Amino acid sequence: MLRLLVVDDERDICDFVKNFFKERDFDVIMAYNGQEALEKIEAEDPDIILLDIKMPVMGGLEVLKALQGRGKKVIMVTAVEDGEKARDAKKWGAVEYITKPLMLEQLERTVMTVAEQIKMEG
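If you're matching positions, the sequence shown starts at 1 in this note's numbering and goes up one per residue.
Possibly wrong hints are sitting among the right ones.
To be verified - When the alpha-carbon atoms are kept at most 27 Å apart in a straight line, the in silico BS3-like pairs for lysine-lysine are as follows:
hint : residue 1 : residue 2
1    : 54        : 85
2    : 22        : 100
3    : 22        : 73
4    : 90        : 100
5    : 40        : 72
6    : 22        : 72
7    : 54        : 90
8    : 22        : 91
9    : 18        : 90
Honestly, the hints are just simulated from the structure, not real lab data.
What you are looking at is a predicted structure, and each value in this text was computed from that prediction instead of being measured.
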């Protein structure tokens with residue numbers, strides 16, 4: 001079972017995504033800001049990270065920079081479509097960049113594609 005870390009300061013989004021992926025046999029953990037995400041990453045070692053860009057305490061891009069070179073599969077999520085941030089996210093190691101509002105089909109397809117990559121690498 002793959003472990004998915006959902007990082008978003010909007011608890012409703014975290015709960016929704018958690019329930020959605022638990023039904024698809026993922027072990028889902030949550031964090032509500034970037035600092036908490038780094039702590040969960042160290043403690044829980046998730047396989048895939050869904051990471052919001054704009055959060056209090058520490059933003060998603062800062063988390064992504066801290067994870068550079070560690071081989072984590074990070075999918076960036078943001079409410080604002082920003083080409084520059086998308087390029088930065090990819091440069092710093094994100095495997096994908098999707099925008100809110102989250103479309104379930106796109107989110108599921110993206111996470112399942114990354115999950116398949118992990119299984120093939122593994």
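Hints, verified against the model:
Taking the CA atoms of residue 54 and residue 85, the gap is about 11 Å. The hint holds against a cut of 27 Å. Distance hint between residue 22 and residue 100 is fulfilled; the C-alpha atoms sit about 20 Å from each other, no more than 27 Å. At most 27 Å may separate the alpha-carbon atoms for a hinted pair to count; residue 22 and residue 73 meet this at roughly 18 Å. Proposed proximity of residue 90 and residue 100 is supported: the alpha carbons are some 18 Å apart, at most 27 Å.
For the proposed pair residue 40 and residue 72, the alpha carbon gap of about 13 Å is at most 27 Å, so the pair holds. At roughly 20 Å between alpha-carbon atoms, residue 22 and residue 72 fall within 27 Å of each other, so this suggested pair holds. With a C-alpha separation of about 16 Å, the suggested pairing of residue 54 with residue 90 holds against the 27 Å cut-off. At roughly 30 Å between alpha-carbon atoms, residue 22 and residue 91 are farther apart than 27 Å, so this suggested pair is violated.
Proposed proximity of residue 18 and residue 90 is supported: the alpha carbons are some 25 Å apart, at most 27 Å.
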